Amino acid sequence: MAIISRGFSGRRSAADVKLPPGQYLTTDFPVLSAGPTPDVPLDHWEFVIDDGTNILRRWDWKSFRDLPTEIFTVDLHCVTRWSKLGTSWEGVSLDTMLAEVKTDASHAMVRSYGDYTTNLPLNDLRNGQAWIAFRFDGKDLAPEHGGPARLLVPHLYLWKSAKWVRGMTLIHQDKPGFWEGLGYHIYGDPWREQRYSGDE
Amino acid sequence: MWRIGTIVALHDETPTARTITLEVPDWPGHLAGQHVDVRLTAPDGYSAVRSYSIASAPNSERRVELTVERLPNGEVSPYLTQEVAVGDSLELRGPIGGWFVWRTEQTEPIQLVAGGSGVVPLMAMIRTRASAGSTAPFRLLYSVREPGAVFYREELQALSDHDHAVSLTYAYTRAAPKDWPQPPGRIDAALIANTTWPSNLVPTCYVCGPTSFVESTTDLLIASGNGRDKIRTERFGPTGDRK
Chain E
1 MAIISRGFSG RRSAADVKLP PGQYLTTDFP VLSAGPTPDV PLDHWEFVID
51 DGTNILRRWD WKSFRDLPTE IFTVDLHCVT RWSKLGTSWE GVSLDTMLAE
101 VKTDASHAMV RSYGDYTTNL PLNDLRNGQA WIAFRFDGKD LAPEHGGPAR
151 LLVPHLYLWK SAKWVRGMTL IHQDKPGFWE GLGYHIYGDP WREQRYSGDE
Chain B
1001 MWRIGTIVAL HDETPTARTI TLEVPDWPGH LAGQHVDVRL TAPDGYSAVR
1051 SYSIASAPNS ERRVELTVER LPNGEVSPYL TQEVAVGDSL ELRGPIGGWF
1101 VWRTEQTEPI QLVAGGSGVV PLMAMIRTRA SAGSTAPFRL LYSVREPGAV
1151 FYREELQALS DHDHAVSLTY AYTRAAPKDW PQPPGRIDAA LIANTTWPSN
1201 LVPTCYVCGP TSFVESTTDL LIASGNGRDK IRTERFGPTG DRK
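If you're matching them up, the sequences are chains E and B in order.
Under my numbering, think of the first position of the first sequence as 1, with each following residue one higher.
Under my numbering, think of the first position of the second sequence as 1001, with each following residue one higher.
Take these hints with a grain of salt, some might be off.
Stated by the list, open to error - Listed below are several chain E residues computed to face chain B (Cβ distance under 7 angstroms; list not exhaustive): (1) 2; (2) 8; (3) 60; (4) 80.
Hints listed in this document are in silico derivations from the structure and should not be mistaken for laboratory results.
This one's a predicted model, so the numbers in the text were calculated from it and none came from an experiment.
Ideal Cβ positions, reconstructed from N, Cα and C, are used throughout, including at glycine.
Full structure from sequences and hints, please.
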């Protein structure tokens, strides 16, 4: 049972929008990263799907950009409690990128330039739920927001949407990535408020 | 899950920032650089939560200090900087975060770079170094709008006077004190070269401040030879004007 904060009334959103518990609405686009923004030249960029032993798929920037793209509008929910609604992106669906990958792996460890990692169930990357996005609001994705390309998995907290992605390793047993090993939740569903390890 | 802290002291750092000292009976201790979530609840059950960096070193009194900067259109910070009184209770969750932390076992040179209220978690590191009797050499480069916006000024001065292994450089961006050697301006390559650790000493760098500040100063640190893997960052606020 929460204690009442004497004299606090708060500021409710007039629009009566539905946000996940504990989130507040922002129109800014805050930036959170654990280290410097990496410099990723497009002629060195690659995205590799492997199984820990073998490379299953590999794209350079040109072959990646030759893939069919989707334009989509999604809501973002950051574990630091801001939510930003109706953001507009262009990217390649992970369904497209995983289409020819035959695997019985259950999870993926996503890797980024700058050595960030995050873990997700493979099912959460399929069925129109995840993209490798390279354009935000009609413009090339800015480096501090993950450009040239970032993962976008909007139904999970935003730390799962790794910036500066370079690939993923398909794994048979879930294990924590970078933030998941530093006290954040292994799955991170904002609607169940799975912020920190120990949350249900 | 939520702990209850009682406010035992309030101290205005600047006209817009206040340090709140809480006594938290079941506080488990923390690492320098960690933060807490603070929850406010209105009589009808509406609640709002924000994260604040811990300013204090871990201590046996189970006291936790937060320094909160009032944001012009904030929902929680105006309440914390203007409404709360000694004796009030606040709900906290934490400590949170295991990356932007300094541990007392670290002996390498430490370069701290603060932009405005980004000094708060860095102050926790400086205080923890002092209370643990660490001899790790520390440098703080503290960028601030004007002299009146400096947090912890006397304490920082006393710590660096007392122990020459803690050195302190201010960079004023809008207005400098009279007879200050440089005109006001943002941190540039020359200031990084002249006041931060030479990169061949392989310092660990902690940079905290608004997004545009962190982006530009980490670029300068990298350009002066620091490894990307030696730089830890904590950013706040919206995207800056950097392209």
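So, going through the hints one by one against the coordinates:
no. : hint : verdict
1   : 2    : 4 angstroms, holds
2   : 8    : 5 angstroms, holds
3   : 60   : 23 angstroms, violated
4   : 80   : 6 angstroms, holds
Violated hints amount to a single one, hint 3; each of the other numbered hints is respected by the structure.
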